[in-house]
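Peer 1: Residue numbers (this note's numbering), protein chains in the order written: chain A, 1 to 126; chain B, 127 to 414; chain C, 415 to 550.
One should not assume that every hint holds.
Here are the in silico distance ranges between beta carbons for each label pair [said to hold, decoys possible]:
#1 Cys-548/C - Thr-305/B: 40 to 46 Å
#2 Ser-71/A - Leu-382/B: 23 to 29 Å
#3 Leu-176/B - Gly-537/C: 51 to 57 Å
#4 Gly-472/C - Asp-381/B: 41 to 47 Å
#5 Lys-162/B - Ser-6/A: 46 to 52 Å
#6 Leu-402/B - Cys-548/C: 51 to 57 Å
#7 Glu-444/C - Leu-176/B: 30 to 36 Å
#8 Glu-503/C - Leu-402/B: 46 to 52 Å
#9 Leu-404/B - Leu-449/C: 55 to 61 Å
#10 Ser-8/A - Asp-528/C: 20 to 26 Å
#11 Gly-483/C - Leu-404/B: 27 to 33 Å
Computed far set for chain A versus chain B, every beta-carbon distance over 12 Å [to be verified]:
#12 Ser-22
#13 Asp-26
#14 Gln-95
In case anyone wonders, no lab produced these hints; they're calculated from the structure. Keep in mind that this is a model prediction, so the values were computed, not measured. From the three backbone atoms N, C-alpha and C, an ideal C-beta is built for every residue, glycine too.
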Amino acid sequence: MSDRNSISIIIVRKTLMVTVPSDPDDATVSALQDEVLAAMQRVDAKGVVLDIGSVETLDSFFARTVAETASMVALMGGRTVVVGMRPSVAVTATQIGITLGGIETALSVERALDLLDRPVTGRSRR
Amino acid sequence: MGTQFEPRSGGLPGAAASQTSPETQELVRLLIENIKDYAIITLDPRGHVLSWNAAAERLKGWKADEIVGQHFSRFYPPEDLQNGKTEMELKVASQEGRFEDEGWRVRKDGSRFWANVIITALRDSEGRLRGFGKVTRDLTARRESEEKIRRQAQEILEMAAVPVVQVWSGILLVPLIGTLNSQRTQQLMDVLLNKVMETASPVALLDITGVPAIDTQTAQHLIETIAAVRLLGSEVVLTGVRPSIAQTLVHLGIDLSNVSTRSSLSAGLRTAFELLELCVAPRATAGG
Amino acid sequence: MTGTAQGEVSIRSEGDIVAARRSVREAVMELGFGLTDVTRVVTAASELARNVHKYGGGGVMRWRRLESGGRRGIELEFIDQGPGIADVELALQQGYSSGKGLGLGLPAARRLMDELEIRTAPGAGTTVTSRKWCPP
C-alpha cells in the first residue's frame with residue numbers, strides 16, 4: 001500500500017504521470033505543486049496527467065492548488081489532464097461550484113496520453 | 127390485567143402448587159440467570175434496578191453490583207430522557223399491565239443498540255404494585271438487515287426512475303421523462319456518473335424531449351449534471367431542445383454556450399459519432 | 415447499530431485537518447449515509463477544519479450523532495478563539511476570495527450540509543455548527 005502522503009511522479013512518453021494518494025494532507029498537496037513544476041523543468045515534459053482515482057475528498061484547497069498548478073504548467077509550456085475523479089467527488093465538487101478552472105479531463109490514463117498527443121480542441125464544441 | 131402472583135413460597139407466576147416446589151423454583155432462577163438472548167431484570171415501583179441477569183450484563187455492559195440501585199433511565203439515550211420517555215413507560219405499564227417498545231438503548235460504554243423491550247407491572251394478590259419486570263432483546267442485527275434491504279430496494283427504484291442506456295460502445299443515453307427536481311437530479315447524477323465510470327463512455331446524450339417544461343432550477347440542475355460528467359472526463363450532448371425550450375432558455379437568460387446542444391436525439395447521436403471520430407457509411411455495393 | 419455517539423478532534427496543526435476528516439468519515443459511515451453524502455459531510459468538515467486552523471488560530475472540532483423522529487444524523491461543531499468574523503453575510507457569499515478572507519470554506523459547507531449556524535463576533539472567536547440528516 002502506498003504511503004498516505006506520497007505523491008508518485010513517473011515519466012512516460014515525455015509526460016509526467018502524477019498519482020495522488022487517497023487522503024493527502026495540506027503539506028502533501030502543496031508539495032505536489034513544487035514537485036510537478038520541478039519535474040516539468042527537469043524533463044521538459046509536454047504535459048501532466050494527474051491521476052486522482054484514489055482521492056476521496058476534494059475540497060476547495062485541493063481544487064485551488066490543482067487549478068493553480070495547471071496554470072503554472074501551462075506557463076511552462078505543458079498541458080494538464082485530470083483523470084479518474086470519483087463520481088461521489090464529482091457530485092460534491094459541482095455542488096460547491098468547484099470547476100478546476102476548465103482543466104481538461106479524461107476517463108483513463110490511456111485516453112489522457114492520447115489527448116496530449118493531439119492539438120488542443122478546447123471545450124466549446126458546437 | 128397485570129401478571130398476578132401469589133407471594134407464597136418465594137412468589138412465582140402461575141397458580142399450580144406443583145410449580146412452587148423448591149426444585150422448580152431453582153430451575154426458574156437458573157433459567158433467568160443463564161438465558162443468553164433476553165436481558166431480564168426487575169425494577170422497583172419507581173424504576174430503580176433490583177435484579178440483573180447475565181444476559182443483561184452481556185447486552186448492556188454493566189455488572190450487577192454496578193447497576194443495582196441505579197435508575198433504569200441510564201439505559202436510554204439523551205433525547206428520550208428529555209421527552210420523559212421513562213416516566214411514560216412506567217405509567218403505561220402500571221395502567222395497562224404491560225408496555226412494549228422498540229427503540230435505541232445505550233450501553234455502559236455509550237454505544238447504542240436497537241432493542242425490543244417489554245415492561246410488565248408486577249402486582250401482588252392485593253393488586254399492589256410491587257415493581258416491574260423488564261425483558262430486553264437486542265434487535266440490532268435484524269434492524270441492520272432490514273435497513274440494508276430497504277436501501278437496496280430504494281436503489282433499485284432509483285435506478286429504474288433514471289434509466290441510463292448504452293446505445294453504442296462509448297455512448298450513453300439518458301432519456302429524461304418528466305420534471306427534474308433536486309432529489310431526481312441527485313439520483314440522475316449518481317446513476318449517470320457511475321455508469322460513465324463503469325463503461326468508460328466518452329459521450330453521454332442527455333435527452334430532454336420528454337421534459338415538459340424547463341425553469342431556472344431545472345436548467346441549473348442540468349448544468350450541474352453536465353459539469354460533473356465533464357469532471358470525470360466525458361462529454362455531454364444535450365438533445366431534444368425543441369423550439370419552446372429554446373425560447374424559455376433564452377428568456378430566462380440561461381447560458382448554455384459551452385454545452386453541445388441539439389434539437390433532436392438523432393442529431394445528437396450524429397454529434398456523438400463525430401466526437402468519437404466514427405462515421406456511418408453505406409455498405410459498399412457488390413459487383414461492378 | 416453499534417458505534418460511538420460523539421467525538422472530539424483538536425485542531426492545532428495542519429495535519430489535524432486530515433484527522434478531522436478521518437474521524438468524521440468513520441462517524442458518518444457508521445450512521446449508514448450513502449457514499450455521496452459521506453463525501454459531502456467529510457468535504458464540509460475539511461473546509462471548516464481548515465478555517466479553524468488557518469483563520470481561527472487553532473481550535474477544536476466536536477461531533478455527535480443525532481436522532482430525531484426516527485431519522486439519524488450528525489452534528490459537527492467547529493470552535494476557535496480567533497479574531498471572529500466581521501461580516502458573516504460576506505463570508506457566506508459564493509465564490510473564491512482573492513486570497514485574503516475566508517475563501518470558499520463557509521459557502522461550501524453551507525451548500526453541502528442541511529443546517530449551518532455561525533456564532534461569532536470580532537475578537538470573540540467563532541463557533542460553526544452544522545448538521546446533516548440521513549435521507550428517510
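Peer 1: Against this structure, judge whether each hint is valid.
Peer 2: Hint check results:
1. At roughly 25 Å, the beta carbons of Cys-548/C and Thr-305/B sit outside the given window of 40 to 46 Å.
2. Taken as a hint, the range 23 to 29 Å holds for the pair Ser-71/A and Leu-382/B, whose Cβ atoms sit roughly 26 Å apart.
3. Checked against the hint of 51 to 57 Å, the C-beta distance between Leu-176/B and Gly-537/C comes to roughly 56 Å, which is consistent with it.
4. Gly-472/C and Asp-381/B have their C-beta atoms about 42 Å apart, which keeps the hinted 41 to 47 Å range intact.
5. Against the hinted window of 46 to 52 Å, the Cβ-Cβ separation of Lys-162/B and Ser-6/A comes to about 49 Å, which satisfies the hint.
6. Between Leu-402/B and Cys-548/C the CB atoms are about 40 Å apart, so this pair departs from the stated range of 51 to 57 Å.
7. Take Glu-444/C and Leu-176/B: their Cβ atoms lie about 34 Å apart, and the range 30 to 36 Å holds.
8. The hinted range of 46 to 52 Å is satisfied by Glu-503/C and Leu-402/B, whose Cβ atoms lie roughly 48 Å apart.
9. Checked against the given bound of 55 to 61 Å, the beta carbons of Leu-404/B and Leu-449/C, roughly 34 Å apart, lie outside it.
10. Look at Ser-8/A against Asp-528/C: about 38 Å separates their beta carbons, and that is not inside 20 to 26 Å.
11. The supplied range of 27 to 33 Å is broken by Gly-483/C and Leu-404/B, whose beta-carbon atoms lie about 54 Å from each other.
12. Every CB of chain B is more than 12 Å from the CB of Ser-22/A (nearest about 17 Å), matching its label as outside the interface.
13. Non-interface status of Asp-26/A relative to chain B is upheld: no Cβ of that chain comes within 12 Å, the nearest being about 22 Å off.
14. With a least beta-carbon separation of about 7 Å from chain B, Gln-95/A fails to lie farther than 12 Å from that chain, contradicting its non-interface assignment.
Hint violations for this structure: numbers 1, 6, 9, 10, 11, 14, all remaining hints satisfied.
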